[in-house]
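Undergrad: Given chain Z's structure and the hints, the job is docking chain F onto it.
Here the protein sequences come in this chain order: Z and F.
Just so you know, we're using the working numbering here: the first sequence kicks off at -15 and counts up by one.
Just so you know, we're using the working numbering here: the second sequence kicks off at 19 and counts up by one.
A few of these clues could be false.
Stated by the list, open to error - Stretch by stretch, here's where chain F covers chain Z in the computed footprint (C-beta under 8 Å, at least three residues): (1) 150 to 164; (2) 225 to 238.
As the list claims (entries may be wrong) - Pair by pair, the computed Cβ-Cβ distance ranges are: (3) Z:A364 x F:S118: 28 to 36 Å; (4) Z:A531 x F:P66: 45 to 53 Å; (5) Z:A324 x F:A59: 37 to 45 Å; (6) F:E167 x Z:A364: 50 to 58 Å; (7) F:D67 x Z:T477: 57 to 65 Å; (8) Z:T269 x F:P66: 21 to 29 Å; (9) Z:A531 x F:G133: 24 to 32 Å; (10) Z:S567 x F:E167: 17 to 25 Å; (11) F:T84 x Z:T100: 34 to 42 Å.
I should point out that these hints are in silico values taken from the structure, not numbers from a laboratory.
Idealized CB from N, CA, C, for every residue including glycine.
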Amino acid sequence: MKIFIHGMSLVATFVMAASLPAYAGVLDDHYLAAFGVQAAAQTGSALQRAVLLPSTETGETPHCGTPLKLELQRDWGQLESSTQKILAKQLVAPVLSGTELVLTSPSGRFNIHYTTAGGDAVPSLAWVQTVAQTLDDVAASYINLGWRLAPTTGGASYNVYLRDLAPQVLYGQTTSTQSTPNGPNSFASYMEIDNDYLDAVYQNALTGSLSAAQKALMSLQITVAHEYHHSIQFGYNVNFDSWYAEATSTWFEDELYDGVNQLYNYIPAWFRNSGLSLDTKPSVTSGGGYGRWIFNRYLAEQHGTGVIKAAWEKLASLNTPGGGAQIPMVPVLENLLLTAPYNSTLGTDFLGFAKRVYQRDWSNHSGDISKISTYSPVAAFSSYPVNSSTATSSVTLPHHSFAYYKFTPTTGAPASLNITVTGTSGIKATAFKNAAGSITEFPFGSVNGTTVTIPGFSASSEVALLIVNAADVDDHRANFSTDGSSQNVSEPTGGSVYAVSSATNSGGGGGGCFIATAAYGSYLHPQVQILRDFRDHFLLTNAPGRAFVAFYYRTSPPLADFISRHELLRGVVRAALTPVIASVAHPASAVIALLLAAMVALCLPFRRRI
Amino acid sequence: MPTGSTIFLAGLLIATISVTASALAKRPADAWNYSYFDGRAFVAGQSPDGGPFFALRERMRPVVVTGTAKIGEVALPPGKGAIAGLCYIEQSGGKLANVSGYVPVPRAPVRIFSGGKVFAMIEADEHGYFVAAVTAGKYSVFSGPTIVEVTVENGTTVLVPLWTGRRMAD
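Isolated chain Z, as found in the complex (with noise of 0.2 Å):
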């Protein structure tokens, strides 16, 4: 009896490890047969299919004609890597309106996706290694620049799909696809350009004496730069906040290719709105956003360019509150900035680069900062006194916003300007005085009903008085006068508006488990949510579990992203994992298979001293 237990044991054990490759090669040969990439092999019989290929939900109405790229999308995770990377840009194709071609470029980094036929047809082949060399040059400079490039599915090349995007009125976009173990919030990506730049929409918006072919180039120079740091940005963490992520964006295209300048178009737009706040939502009406790439400059200038990638490092690291919410930047910003080496604040910084819009003392591209749009007061002054009779006298802020005040000596003016300020806490001030072109600050110490002296302002070209709401808190007000007088100011009654995001960018809640996820490959595998809800479930309730999972997001991310690198250890951790797993969704089975063990492990040596 017992050599027959064994002898059935040893056969069901062949029969499964003969059967699983099996199973396991179907899929594959499945979708490599539907994509074209090998021969058609339907092999496998008719349950093999059922089990690998589960139809839709029972009791609801079926999809006739299932497009294949879903139901490679569903059973993507069940793939081997080799053939995931074959299948990768299946996943999210555009469709070109002719026959696809590919050109792979020089350093194999890239696929450039195009057609000679349609309306996305492009002007020659030459263009399309323009492209593929354009594409090469910018990842190079983000690596030499320390970034880490964007992931793609299986380390395939990263797809680019040239497509006649005027009629949509956009350079490029791009778009994220599916997590990969980089990171908790980590995305792949592909991306989509113009087929030529040719038309007018993209030739008018750079001016000069430059022939139709050189702007298209441009464009083409500054769209790659732009669109592809957008790829990194989904690769650093795809919850990333939408005004600095264009502002990064628009930074870099003058940072990888200075000659064009088209960027330098959105600044007057903050500048002539620079009531509304930093993290204003992109808009080239408002300046929000892509105007926001010179505030980048100015973190360069005074802390060195690393200082943009430690702010896309810091956020790579938080978690997402959920639903595609965007983690503010914000306070990512302050947070990084009030660390070593930078020992700032962004107030302070803020404060700064407002001052700079009126200096222009930048130390960067010093060549183009007459492109950079001179300060744009709210209002302007030549008669006085000014006081709370004049109706604009006073403003109110919201967080991380300035005003400009303009006062002229005119005849009349008194030699020596007073300007008092009364303002809130979070409220900075300063005034300079501009003497054909020789600028002095006049700082306000504090702004309880503060005066500044401003002497000479009749013999000056003008004053300018600065204020700066440089805190996280809307609504901070200030008033101010030229004659000694000054009003009762409230302090805001809202608190931070950061304070509630903040507080949910501690982990868990949707947060992800980095080494199961690198383990089996994909963040919705049903393991990794068994994982998962026992970090929600049970973890997460008490203090213990909740220091233990806040010391996993701190130590687990190297670790994941290396074993997500590596075939074999995936395999070794997701042999580990199985008896953590199978004690997590069945406790009471493993308190008893515990039981068991206890009790053999007592009984063995028992039994061998009979």
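TA: Chain F only, in chain Z's frame:
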């Protein structure tokens, strides 16, 4: 002193008002309600831009309304509710024109988990909308990176917007 006919008329009036009030109170449960996605959440009403929206009614399977065709009534099986929603990509930006908004994801795969196990695998329709009839209970609804925990009650529909990714336009 009121006459008998006055008392009768007063009683009739009160009865009429009561019946009308009762009928009005019952109306929301018996009539279709509408809900559309405004870019962040489902809100009451029909889509202002003429796009698809949900028609909802107690004990009825939710319907994705895409035109002017009459809304078909399909009763939910006894003991069941529904999970319905939209899979979308958030879009932001635009250097030459503002194109911020959202883009539906047609045929997006949606997985519904219950107790850590796959309960159903469905896919969104050509407009990105999905509907699943489920037994009353707690579920996790997945699509892309998003997980939404929902509690479905007998005869009711829970609407779930599923953010599946982002597109940076320019």
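Undergrad: For each hint given before, does the structure comply? Return the numbers of the non-compliant ones in rising order.
TA: 7
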